[in-house]
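Student: Sequence:
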Amino acid sequence: GYSHADPFFQYLRDSFDVLYAEGDPAGLDRPKMMSIGMHCRLLGRPGRITALQRFLDHVAQHADVWVCRRIDIARHWAQHHPAPKF
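First residue of the sequence shown? That's 1090 in the numbering used here, and the numbers climb one at a time after it.
Calculated from the structure, these hints are not laboratory results. The hints are all genuine.
Quick list of simulated restraints, FRET-style, between CB atoms: (1) Arg1119 x Leu1145: 19 to 25 Å; (2) Cys1157 x Leu1131: 15 to 21 Å; (3) Asp1113 x His1093: 30 to 36 Å.
Keeping only pairs whose Cα atoms sit at most 20 Å apart, straight-line, the calculated SDA-like set for lysine to any residue is: (4) Lys1121 x Arg1158; (5) Lys1121 x Val1148; (6) Lys1121 x Leu1108.
Even for Gly, the Cβ is constructed at its ideal location relative to N, Cα and C.
Can you build the whole structure from these sequences, using the hints too?
Tutor: Put into structure tokens, the structure is as follows:
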């Protein structure tokens, strides 16, 4: 578990940095996806929410990153990869 904001922030930042380096920033050839569990047990504490705030600031410094909700991903997928019609 994450008792303090710093270890959680470091985990989020390091995960993002690896995925960003591996992927195509334009999302054309090798898009990557990172999910963050935001259960109140993780972020529902004043000392931990700062990790998410710092992480979002870090992400904002990178080009061609789409920060979205699950419903946005589902809509994007349905629009660009529709189910085959039988």
